[in-house]
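Turn these sequences into a full structure, and let the hints steer you where they fit.
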Amino acid sequence: MDVYPILAAMRRNKVGAILIAVQIAVTLAILCNALFLIEQRVALSKRPTGADEADVFVIDNGWVGQPNDLEARIDGDLAALRSLPGVVDAYVTNSYPLSDSGSTEGVGTNLDPNRPLTLAALYFAGPQGIPTLGLKLVAGRNFTPSEVVAMNDYSVPKAPVVIITRQLADKLYPRGDALGKPMSMQFTKGMSTIVGIVDRLQVPWVSANGWGSKFNDNSVMVPFKLVWHGGHYVVRARPGQLASMMRAGEDKLFAVNRARVIDQVRSLPQARAEIYRDDRGLAVILGVVCAALLTVTSFGIVGLTSYWVAQRRKQIGIRRALGATRQGIVRYFQTENLLIAATGAAVGVALAIALNLWMVTSFELPRLHLGYVVAGALVVLLLGQAAVLWPALRAASVPPALATRAA
Amino acid sequence: MLKMTHLAKAYRTEVVETYALRDFSIDVREGEFVAVTGPSGSGKTTFLTIAGLLEEFTGGEYLLDGVNVRGLDDNRRSRLRNEKIGFIFQAFNLIPDLNVGDNVDVPLRYRGFNAAERQRRIRDALGRVGLSARARHYPAELSGGQQQRVAIARALAGAPRLLLADEPTGNLDTQMARGVMELLEELHRDGATIVMVTHDPELAVRAQREVHIVDGQVVDLAPPPRLVTGGGAASAATGT
Amino acid sequence: MLYYYFGLAVRSLKRNLVLTALMIAAIGVGIGASMTTLTLFRAMGTDPIPHKSRQLWTMQIGNWPPNKVTVATGDEEHLQPQIGYPDAIALMNAHRGRRQSAMYHGGRTVIPANSDLKPFEAATRAAYTDFFRMFDVPFVYGEPWPASDDANHSEVVVLSRELNDKLFGGANSVGKTVDLDGKNFRIVGVSDRWNPVPRFFDLNTDKYGKTEQMFIPFTTAIDEQMEMWGNFNCDGDLGTGGWEGRIHSECVWIQYWVELPTAADVAQYRSFLANYATEQRRTGRFHWQPLVRLRNVREWLAYNHVVSDEARILVLVSFSFLFVCLLNAMGLMLAKIMGRSGDIAVRRALGASRGAIFMQCLTETAVVGFAGGLLGLGLTSLGLLGLRALLSDEISRLSNLDTVDITIAVALAVVATTLAGLYPTWRATRVQPAWQLKAQ
Chain A
1 MDVYPILAAM
11 RRNKVGAILI
21 AVQIAVTLAI
31 LCNALFLIEQ
41 RVALSKRPTG
51 ADEADVFVID
61 NGWVGQPNDL
71 EARIDGDLAA
81 LRSLPGVVDA
91 YVTNSYPLSD
101 SGSTEGVGTN
111 LDPNRPLTLA
121 ALYFAGPQGI
131 PTLGLKLVAG
141 RNFTPSEVVA
151 MNDYSVPKAP
161 VVIITRQLAD
171 KLYPRGDALG
181 KPMSMQFTKG
191 MSTIVGIVDR
201 LQVPWVSANG
211 WGSKFNDNSV
221 MVPFKLVWHG
231 GHYVVRARPG
241 QLASMMRAGE
251 DKLFAVNRAR
261 VIDQVRSLPQ
271 ARAEIYRDDR
281 GLAVILGVVC
291 AALLTVTSFG
301 IVGLTSYWVA
311 QRRKQIGIRR
321 ALGATRQGIV
331 RYFQTENLLI
341 AATGAAVGVA
351 LAIALNLWMV
361 TSFELPRLHL
371 GYVVAGALVV
381 LLLGQAAVLW
391 PALRAASVPP
401 ALATRAA
Chain B
1001 MLKMTHLAKA
1011 YRTEVVETYA
1021 LRDFSIDVRE
1031 GEFVAVTGPS
1041 GSGKTTFLTI
1051 AGLLEEFTGG
1061 EYLLDGVNVR
1071 GLDDNRRSRL
1081 RNEKIGFIFQ
1091 AFNLIPDLNV
1101 GDNVDVPLRY
1111 RGFNAAERQR
1121 RIRDALGRVG
1131 LSARARHYPA
1141 ELSGGQQQRV
1151 AIARALAGAP
1161 RLLLADEPTG
1171 NLDTQMARGV
1181 MELLEELHRD
1191 GATIVMVTHD
1201 PELAVRAQRE
1211 VHIVDGQVVD
1221 LAPPPRLVTG
1231 GGAASAATGT
Chain C
2001 MLYYYFGLAV
2011 RSLKRNLVLT
2021 ALMIAAIGVG
2031 IGASMTTLTL
2041 FRAMGTDPIP
2051 HKSRQLWTMQ
2061 IGNWPPNKVT
2071 VATGDEEHLQ
2081 PQIGYPDAIA
2091 LMNAHRGRRQ
2101 SAMYHGGRTV
2111 IPANSDLKPF
2121 EAATRAAYTD
2131 FFRMFDVPFV
2141 YGEPWPASDD
2151 ANHSEVVVLS
2161 RELNDKLFGG
2171 ANSVGKTVDL
2181 DGKNFRIVGV
2191 SDRWNPVPRF
2201 FDLNTDKYGK
2211 TEQMFIPFTT
2221 AIDEQMEMWG
2231 NFNCDGDLGT
2241 GGWEGRIHSE
2251 CVWIQYWVEL
2261 PTAADVAQYR
2271 SFLANYATEQ
2281 RRTGRFHWQP
2291 LVRLRNVREW
2301 LAYNHVVSDE
2311 ARILVLVSFS
2321 FLFVCLLNAM
2331 GLMLAKIMGR
2341 SGDIAVRRAL
2351 GASRGAIFMQ
2361 CLTETAVVGF
2371 AGGLLGLGLT
2381 SLGLLGLRAL
2391 LSDEISRLSN
2401 LDTVDITIAV
2411 ALAVVATTLA
2421 GLYPTWRATR
2431 VQPAWQLKAQ
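Protein chains in written order, with my numbering: chain A, 1 to 407; chain B, 1001 to 1240; chain C, 2001 to 2440.
Just so you know, these hints were derived from the structure itself, not from any lab.
These numbers come from a predicted model, not from an experiment.
Among the hints, a few may not be true.
To be verified - Taking lysine-lysine and the BS3-like style, the derived pairs with C-alpha atoms no more than 25 Å apart in a straight line are:
id, chain 1, residue 1, chain 2, residue 2
1, A, Lys214, C, Lys2207
2, A, Lys189, A, Lys214
3, C, Lys2210, C, Lys2118
4, C, Lys2207, C, Lys2052
5, C, Lys2166, C, Lys2210
6, C, Lys2118, A, Lys252
As the list claims (entries may be wrong) - Listed next, with one range per pair, are the computed distances between beta-carbon atoms:
id, chain 1, residue 1, chain 2, residue 2, range
7, C, Val2404, B, His1137, 48 to 58 Å
8, C, Lys2183, A, Arg367, 56 to 66 Å
9, A, Arg367, C, Gln2432, 49 to 59 Å
Glycine included, every Cβ here is placed at the ideal spot set by N, Cα and C.
The following block contains the structure:
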């Protein structure tokens, strides 16, 4: 189709064409950046913790007053929990994945205080930690019961042995020979031996703004038993018995001793939903805005094109009288829209990249993948074609006889 | 009332200057009924748009009711148009959203009359064109002849000094056209000054005087040779 | 005349309902989206204590070696957002501000006298008595404890209205006692609802969270070894062990606020702090010159980036969306007004001035804008409901429409639409009155 007459006609409708083109440009810029953000947040919220989460739940327990027999009470609680038929295993800890709360350690390979240290999350766990969370031990061994140290004061005991994540192991010993090697810890001020390496164990602070994203998979498990007036009991239920064990576990603990406060009982899937709620919420909101944006833009195209059709009815009648086919008329409007949308999309691509660059600098977001820009451009072009179809068909139905009538 | 002397209107397109009117002079006195005729493209419509202050001219003088309109700004021209001129268009140009009464009301609103005055004038104007009963109807509910009568009522309502009619019967069938012409003649007898542009010689002869335009110039100010001075009187007789 | 234009506008809008509906929908959706996010944004960025935000100051003290490389918190000056116990006590003793309070976030177990209620943990703020008057905390019953209670480490408590409702059914409980971890605390007052957003005085956890359920003297909390629920950061040295060792270490976990009414007070306090830092070095506590920083509420909020990136992104996205919606409305208005150029030409021929046409069209766009604004308000409420369903409680708490929001929404709609309508309106005034004659 010859575009010259279309361009000539468009010149008389400059402003309308510019309005549509700008709308398409802004729509495209927002669309691909928003899709990119959505994809990022969804990917973020799906990152694995390394635990087999589905059957794990956590009871937050606190003791009333300041009892002297904390260790016996905690041992009793754990024994009671393990005695439940639907429970596989349980342990007490300071922190667990997805909890958004815990401690960090500065770790290194020697005790030199001036050497830069690596940040890592500190998880307390006895031999039950790995089986309860369902972590994958890829090298070395689990803790033995005799290695377990009670931590019952504000000072941190020495940890002769540690189990660390593969990522941390590779960071400390880039040649991959971390197993059996020493590791220093800032707070314990002593050397520990790396006796085991787990495939993955995510730090507890994982939402997009959580500062843990800087050291997402750097975790250290120490063989400490938390003997404290507050703590988390991490429990693995038998498959299918999670909900019933969450109730039964709480009841059991109260049956053992009433002088306690159970702040909350929640499963790891619940914890995952809660910690990523704002990330997923943002993704949904952006999705809704994108959908609304596309709708508004397409209605705008329908509205303006309809007006152009109405304005040019006589002209269209004359064209028809002079032999233009219906398809010809439809193609005229489609080509016109394609020209406008393509111009808009070209500007939009530039705008999208500019917007992304700005977000990269002000929000520390990664660079936009060009695939999103191409996909976004295709979407807006197709949208334009879809939106123009109805007015174009209406234009095609203008009878040629209109040409003979007066305006 | 309407006096143009050596008026010119040129359209400039890139390099060429085309004159729609050139050295155009006309003098319409108060109470006259003048027909302006001429072939297509002769400048009739341009004359009318300039006379009605819808467009500016490029040379010469134009006195409307003694006011020299040359170089007046848009607001002043709007005001003059509103006060002194009543327009009757070939296509009636009623506003479809407004009913008959509200259509007549339009120029009165811009004049700034109060509500009572506007009501009185609407009633009077519709009475004069015989459509008092139709004030609440919408243009689409009326025949072409009735619509043109509404348009005339709208032109009259502001008591203008000059009525400008552009092919007032052009969109009407013979019978309706006759009715409209009779109305114009009646208005003329009552003292209105009317300038009517038409290409129809039969209508032209019913005016007091015919001005013929060819190529943007007045070629003949004499009464039409084909005459029949009694035409107007005869119509008037049948009209009453 | 305005009434006449209004009538004309309604008539004209009714004539082309689809186009009118599209315009109103476009504006409504745009306003709805942008107001939803703006409400959130405004709530995050509001000055939580506007009448005093320039008189309340908090400080940072560089008590950690400035060359530490592992520290995960802290800023580019290696300053921590909180201070340690030794500094807090020294500053409290110096008593240099008009009012001042060290404070921290912790929890106590409440054992209700009413045995129907299970014991529960309640968030507790440990503070000095100046906390209440410095921050203008309203009281339902009673009043803050006297300064002597701070000095005597008294077992007194101020309950929040919420906790008082739970324990005493809202009755005046002043003079009664409440069992906290096995000790009876005497109730001296009940504070009224007081939830500054953002919670400027402690931004370490839950920036938009609620104020604690009760308050006890800082000195008493230390005696009771009230566990720190907020951030507790150390530079690798936990001290000599035990509770005592821990609180006397250089770990930071205390927020410290001081009220300095005049610029002169601020200047004096700055030099006092500088001297204090120098003195600490001189006595050998530090081997470096510790940096000190003093920031007021507004500076503190900005320093802590209380408006989240998400909120900024959403505002950006939704205002771009509003822009698209307005372009859209502009296109439709242009179509609508130019579709009526015949009428406009007739009006011009009948004597309407450009100004009259301008006002007529502008009235029409303003009517559309107003309708769009109302629709937008409805959609904003829906949008906020949606946000509440999608986002965490902490953020949802921010999503309440106040009268200012409503005013902004309607004004935004009318102004934006009128702006968008200016070009089409201007085009309308350019319609040549001779258009009708020529068109034939």
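Taking the hints in turn, this is what the structure says about them:
1. At most 25 Å may separate the alpha-carbon atoms for a hinted pair to count; Lys214(A) and Lys2207(C) meet this at roughly 21 Å.
2. Taking the CA atoms of Lys189(A) and Lys214(A), the gap is near 24 Å; set against the 25 Å cutoff, the hint holds.
3. With a CA separation close to 22 Å, the supplied pair Lys2210(C) and Lys2118(C) stays within the 25 Å bound.
4. The straight-line distance between the Cα atoms of Lys2207(C) and Lys2052(C) is roughly 19 Å, inside the 25 Å bound, and the hint therefore holds.
5. Of the pairs offered as hints, the one joining Lys2166(C) and Lys2210(C) holds, with about 16 Å between alpha carbons and a cut-off of 25 Å not exceeded.
6. With a CA separation close to 16 Å, the supplied pair Lys2118(C) and Lys252(A) stays within the 25 Å bound.
7. Remark: the range hint 48 to 58 Å for Val2404(C) to His1137(B) is upheld by a beta-carbon distance near 49 Å.
8. As the Cβ distance of Lys2183(C) to Arg367(A) is approximately 58 Å, the hint placing it in 56 to 66 Å holds.
9. Distance hint check for Arg367(A) and Gln2432(C): the Cβ-Cβ separation is about 52 Å, which falls inside the suggested range of 49 to 59 Å.
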